[in-house]
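Chains H and Y supply the protein sequences, listed in that same order. In terms of numbering that gives the first Met the number 0, the first sequence opens at residue 0 and continues consecutively. In terms of numbering that gives the first Met the number 0, the second sequence opens at residue 0 and continues consecutively.
Derived by calculation from the structure, the hints in this document are not laboratory data. Warning: the hint list may mix true and false statements.
On the chain H side, residues computed to face chain Y include the following (Cβ under 10 angstroms) [said to hold, decoys possible]:
(1) Val283
(2) Cys450
(3) Glu453
(4) Cys458
(5) Gly464
(6) Leu471
(7) Arg483
(8) Leu491
(9) Thr498
Only a predicted model underlies this, so the values are computations on that prediction, with no experimental measurement involved. For each residue, glycine too, the CB sits at the ideal point set by N, CA and C.
One letter stands for each residue in the lines below.
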Amino acid sequence: MDRQDLLKIKERELARRKKFTLRCCMAAGCISANAEAVKAQLEKTVADLGMADDVEVRGVGCLKLCCQGPLVQVDPRGPLYEKVTTDTAPAIIGSLKGGKANLSQADPHHPFFERQQAIVLANSGQVDPERIDSYIAADGYLALHHALTEMTPKEVLDAIDASGLRGRGGAGFPTGLKWGTVAKSPGTKKYVICNADEGDPGAFMDRCVLESDPHNILEGMAIAGFAVGADQGFIYVRAEYPLAISRLQLAIKQAKQLGVLGSGIFGSPFNFNVDIRIGAGAFVCGEETALMMSIEGRRGTPRPRPPFPAESGLWECPTLINNVETFANVAAIIRHGADWFAGIGTEKSKGTKVFALAGKITNTGLIEVPMGTSLRTIVEEMGGGAPDGGRIKAVQTGGPSGGCIPAEAFDVPVDYESLGQLGSIMGSGGMIVMDQTTNMVEIARFFMEFCKDESCGKCVPCRAGTAQLYALLTKIIERRATARDLQILEELCDLVKHTSLCGLGQTAPNPTLSTLRFFRSEYEALLQPELPNGARATPANHLVTP
Amino acid sequence: MAAKTLTIDGKEISAEEGATILQAAEEHGITMPTLCHLDGVYDVGACRLCLVEVAGTPKLLPACTTRVTEGMDVKTDTERLRKYRRMTLELLFAERNHVCAVCVANGHCELQSLAYSQGMDHVRYEYRFPHWEVDNTHPLFGMDPHRCILCTRCVRACWHIEGAGTLNVSGRSAGSHIITDLNQPWGLADSCTRCGKCVMSCPTGALYYKGSTVSEMERDRSKLEFIVTAREKKQWIA
Ligand SMILES: Cc1cc2nc3c(=O)[nH]c(=O)nc-3n(C[C@H](O)[C@H](O)[C@H](O)COP(=O)(O)O)c2cc1C
Ligand code: SF4
Ligand code: FES
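Extracted from the complex, chain Y is given alone in its bound form (with noise of 0.2 angstroms):
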């Protein structure tokens, strides 16, 4: 394939064509804050917390959704994005109850991660309190829609790393919510087949197994990228 030459925050880079910012930004070790997109499963751009600058285009593009084209100059990292960041994290955390200090991902959180490295040091928004069911019916798996940022990674990986089509989004706007089958408790949920790679996929305590306690939900998501590069690539990289 074809390579495109490309600036990303003045650093000149190589990548291949068909690559993303984010995958040839991530290549040359050029970092940025990322929620909705999980190596494994395609990107759908929802987060917006990767958003770039590039010159010569008035509208700021998703990283994980841009592909690089030849000559182009990205900018990660402004004052404007780093602004745009902070309000979109504080959007979230007043949006549902994220209550580190209860929470099984307190410490493996990537909210709570992000929240640190972008200086989120106080949500100016009210916060809204919603009020969801927690379902403890499966099992293995627990889901807390209070703690969820709706990022639909769980559902991606559902559908195409285990092609098992349990989980998905149902309602619209602030009413959106993840459910089981057609809106069962996850423990009727006949599709499921307990294999916990949502729960991998989960960037925050909304998806755990059931038992853990504060802080103790931690996930290995190399799983999930080594399953899709051994299909993918034919290559088995434990």
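Okay, chain H solo, but in the shape it has when bound (with noise of 0.2 angstroms):
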């Protein structure tokens, strides 16, 4: 396998290419609304009116508006169709002919469209998950040959670093800075962990980009492992994702088969191999240390760090650790050069990051934007407000580890920093809205309630004081809270954050701080007057005061 039997596997695909394309988005949002049968029928009308040579029906991944679902998309530059169903399938099959599909269409110049800036999900809708040969006609795997063959591990760390590249799973540590970590720790044996435990509640876009893209996934992996000099590559992805999963599998297979991976890779020395390790589902073994200890098969709960993962990590071997959408980055960077990649985005914050808009909205999907974006750009113009005229109050950024950010900071540039200020962060990229019916203190109970449960149990300030964290908003809720109450969450709230052991409890407190910051009145307007002598509410005198 070399750079020429690349591009002739790209021309056959090509030539393959008939006079009409439909996609059809075969991921899990599409799916669960019927897609599969719907790419049935499509396929049987195509046969039934012996078109096959002129019409190919293909499977492909997330097309980014799931509210629509099924979604297919004509090409070449047909409409994308929405809400497809197999009644209505022939009629688009009809249109190619010159008929009319009398079928609810996407406006593509919607700014829901128009916005986004693909790189991580360029190929997503596009390319056909499920053949290699798909992925390699959109140029796949020419940037591994091309660090194989043109660069040196060195070489492709500096390009790395000088893209501006930041972790996409939510802290946004400098990648190039991870990967020389990892690359000068000493040791023969090194991995290559990418993280795709997606535990965030609302959040989707690991698992879109799985579906959608899996060889783009594995080409950053291997070029991972050989500028930080590993061979060998685990993805830890949760049980909850089958369809990612065996999407996977199926792309190692693949990918081993054509020689892509395994050994001697492009007939360089480097060797990489790619496992798949299933997680259980529970949120904090997306925490480095604790899926580290589930991929050894131990229980996976958190250890202190230093060291970290870089210097010892995966069976006490120096080990990178990135998100899915960190490592779908890496090969357009190698293509395309560090300087392209550098000039997207803000001064800090490089690059486009994808987010799962979720909750109160008209459009709910998947989008992909450029750093920076204002976040009334994304919730008013591309997520198009609150449905049937509702008005948005707040966005949740961040999981059960962000914030709340209410609508008058909406001119907000979503990058790191500003996120940060606004004691949000921008996490993995869930993104829930939510409209004035919402009660805040509920919201922030119902993350607490998450990461009471979600504790590992380890800690102490994060397994006991989440819990008692829940009580107390559960208490203001019912309305059995006085003014003392609340001073005491506030005051508990700052030990969890600063004395837990993990990511997990040093972030619980975020939904409950930020909500307490910009919405502060709906705790109050819920809190009893302090009785007489100092006294407490009591549960009995709850039965009274309703």
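Grab the two chains, each in its own frame, and use the hints to assemble them into the complex.
Pasting the structure below:
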């Protein structure tokens, strides 16, 4: 396998192109809306009408406007049909012959599409995730070839460093710096791990990337392995993502057969294998040290850092761990160059970010925007505001580790620093929109309940502290709390944030703290007056004061 | 091994490379509260009572797992740390059912002594009053999870000093609990060698010798250290 072979596959793939291609979204959202039957119906109609020579029906990854699935995109330059059913599918085929399909179509000029910039999702909805040739036709594995045959590991490291890429798993750690540390760490055995645990409620970006473009992740991991000197990769995926798992398994098999994974890749001395490890769905197993414990077959609990995984990780070997989306940027950076990537985004946050838009918003789905796009653009223009004329009150970013940003602050550019200043975090990309009917104290309690249940139980502040915080929030919601309880709540948030062992506990108070910061009056409205003699309202009092 | 010089609470000291802040401090007579630390087994940094402030580091660091570095400036006894320690102890007392007056370990309990020494004189959190089953099926020892603080000292002693692997942690969050073998009653746990190292390592009255009554549960922790020192350094220091 060499560059010529890749180009030959690409040519063959392009030559196979028919007059029309119907791209049917086969990601989990559309599949749950019956997309598989729609695709089968399209194939049947094409066969029945004897149009197989002219029309290709292709299963592709996410077409992004998940709320309107099943989606079917007609190529070249045809419409994107929404909510296609088995009954209406034949009309699409009819339209190819000049007829008119009386079907709902998405407006391609809507900001939802026009404001997007695809790097991570460039192949999503384009290539067939179940065929490696389809990925190669989109210049797949050329970056790996280039890195292995024309670059030194140091040059790859420098390129990632110069691109300004930062980790997309939440904290935004500079990727080049991390890779460099692993490369420098002494040791003959090193590992690369792709963190696909994605445990935040409401987040589905990583799932879509894996379902839509699995080879891009494998290519990114292999390039990383070459740069840091690792020959083994693991993808840690949660068991709740069966489609992502099966597509990854298929992709790994195809890549090995073709020789772009395995021994002596592209005739170089570089070997790289990837195996999948399936997580049982504990949120804390997304935390890097707990994740590695889990891969080792042990109880998934975090351990204090340092030592960081880059120095001592999996089986105490230097280990590079990055998020799915981080790896998804790598091949593009090698292909187009670090300067190209560094030209996108803001000064300190480069490139794009994928968000999963969900909640009280008209257009739910997947968006990829340049860093620095304002929250207002995302929510109001792209998302189309609240459905049925509602008023948007806040956006929650960063899931259980993040915060709520009020509508007044929507002009904030979405980058790591700006969100941090508002007491939230970029997080992995979940964006939950709330309208005026949302009670912010309830939101705080929802996320606290999540953290309380997902705490691994190892350290005291998180295990016992989140349970008490949850109890205090419940007490406030049930109108049994006084101003003193609010003070105890705030002090306890401070303790849990600053003394917990891992990121779960350290960030668990964030949703509470940020709603306290921007919506304090909602808390205060629920408080009961302090009883005379300083006694606190007890559950018995609660019975008489509703 | 190279020596490192550092400052702890304003006192300049030197420590061996690789030593933890806790070891370095103890060697120089500086004490700080610990609970999940036990001489003889590796540290996990779970109880968060030994957290210290290190100049130049925004995060608080556990003294039991953080290694000394050259020029480190450590503070172990600031107002903020004292407050956090009291609150952490309050959380522990509210989490399960710690009733000193009827406890076998009354007067010999590390949790109780820490509450005294750290000035924790009241608990502002709601007591959770969880319900657990007491396991008295073992011929020699008993386990009362109501008094367990999940420090996992027993688990580590069982795995790493005795090598039996009987004890383990099961469950998550507040439902975490110590189990024997595959969650069988202790009396049916085949792997248990009845060595009693777990009972010796327990800081509270959660693990006890059967037959002991209120305040009778005293333990000899030096035995654990003796074994470990003998094994690792080939020194038999009683
Ligand atoms: C409780 C917790 C859960 C996490 N879950 C995830 C996750 O699901 N996916 C992920 O990529 N990173 C997750 N992280 C962050 C990882 O620990 C780690 O920082 C990340 O995978 C590094 O990748 P990056 O540098 O590419 O961002 C989590 C962290 C914490 C504390
Ligand atoms: S902060 Fe929570 S999840 Fe993290 S180690 Fe402590 S108990 Fe476990
Ligand atoms: S003694 Fe250090 S964290 Fe418990």
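Subject >> Earlier hints that do not hold, by number >> reply: Per hint list: zero violations.
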